[in-house]
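2 protein chains.
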Amino acid sequence: MSSPSAPQDSYPYQNEPTWSKSEKAIARAVFDAALKRELQDVMQETKQTANQIKEPADVWELEHYLTERRKEINHKYDYRYSQLTHVFGKLLYEGRISEEDLNGLRDDKLKSIRSLAKFLAEDTAA
Amino acid sequence: MSSPSAPQDSYPYQNEPTWSKSEKAIARAVFDAALKRELQDVMQETKQTANQIKEPADVWELEHYLTERRKEINHKYDYRYSQLTHVFGKLLYEGRISEEDLNGLRDDKLKSIRSLAKFLAEDTAA
Numbered sequence: 004m005s006s007p008s009a010p011q012d013s014y015p016y017q018n019e020p021t022w023s024k025s026e027k028a029i030a031r032a033v034f035d036a037a038l039k040r041e042l043q044d045v046m047q048e049t050k051q052t053a054n055q056i057k058e059p060a061d062v063w064e065l066e067h068y069l070t071e072r073r074k075e076i077n078h079k080y081d082y083r084y085s086q087l088t089h090v091f092g093k094l095l096y097e098g099r100i101s102e103e104d105l106n107g108l109r110d111d112k113l114k115s116i117r118s119l120a121k122f123l124a125e126d127t128a129a
Numbered sequence: 004m005s006s007p008s009a010p011q012d013s014y015p016y017q018n019e020p021t022w023s024k025s026e027k028a029i030a031r032a033v034f035d036a037a038l039k040r041e042l043q044d045v046m047q048e049t050k051q052t053a054n055q056i057k058e059p060a061d062v063w064e065l066e067h068y069l070t071e072r073r074k075e076i077n078h079k080y081d082y083r084y085s086q087l088t089h090v091f092g093k094l095l096y097e098g099r100i101s102e103e104d105l106n107g108l109r110d111d112k113l114k115s116i117r118s119l120a121k122f123l124a125e126d127t128a129a
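Going down the list, the protein sequences come from chains S and D. Residue numbers 4 to 129, in the numbering used here, belong to the letters of the first sequence in order. Residue numbers 4 to 129, in the numbering used here, belong to the letters of the second sequence in order.
So here's chain S without its partners, still in its complex pose:
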């Protein structure tokens, strides 16, 4: 019996890595710390940008910046186990987390994470 309300990560799709209890604890901590840092960055950038406002257009530019950052952050920080290697791959590529942060994850996940980070780096360089 399957329930439509069952969370996705309880019934991993074929080929998706399963996450052990200790891996989940690591993932949660890394995810939360990265999100916290990114939000701190937005707070800092908002204060700096606001302080430099000189004309009305600067205000609407700040509004646009905030809207884009909110959408980007909402999209990027997707804590579903089916998405986590992508999330960490992107954060690794952006330099928002380091490989050391991921110590304790199994090789199958580290491989996926590094692979996406490398792909994104090459994609940008191209």
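Since the hints were derived computationally from the structure, they do not count as laboratory data. Computed from a prediction, not measured in an experiment: that's the story for all the values here. Accuracy of the hints is not assured; some may be wrong.
Because identical chains cannot be distinguished in the list, a pair is counted as satisfied if it fits within a single copy or across any two copies.
What the hints assert, rightly or not - Computed list of lysine-lysine pairs in DSSO-like fashion (alpha-carbon distance at most 27 Å, straight line):
#1 K74 x K27
#2 K50 x K39
#3 K93 x K27
#4 K57 x K79
#5 K39 x K57
#6 K74 x K50
#7 K79 x K121
Given chain S, put chain D in place with the hints provided.
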């Protein structure tokens, strides 16, 4: 012959006041000065609000505030001669312009402007 691209204010609707050249000059100056003051207010409020940001929620509150202010200002400052008595009525009600600013407008317009300002004040008090 009417053209779909003819500006509305060149062909005033029935019962709409016409604006003399000197009235148009007064209207433009009052309108521009009020808009400039309101945009200065937004700039000031944005800087103050940004300086008081303490947590991420404050950032998204600022974004929301800016979006609402932008929509409100775009809607309020409608420089069509068919709308100007409404625009000035609202600005008078909000205390953003004074009756003295409107010196030089004909009585038909002053009456409409005061009437709307009074209506809005009573509407709010109700």
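We went through each hint and held it up to the structure:
no.: 1; hint: K74 x K27; verdict: within (25 Å within a copy, 44 Å between copies)
no.: 2; hint: K50 x K39; verdict: both (17 Å within a copy, 23 Å between copies)
no.: 3; hint: K93 x K27; verdict: within (18 Å within a copy, 57 Å between copies)
no.: 4; hint: K57 x K79; verdict: between (32 Å within a copy, 23 Å between copies)
no.: 5; hint: K39 x K57; verdict: between (30 Å within a copy, 13 Å between copies)
no.: 6; hint: K74 x K50; verdict: both (19 Å within a copy, 23 Å between copies)
no.: 7; hint: K79 x K121; verdict: within (17 Å within a copy, 50 Å between copies)
Checked against the numbered hints above, the structure breaks none of them.
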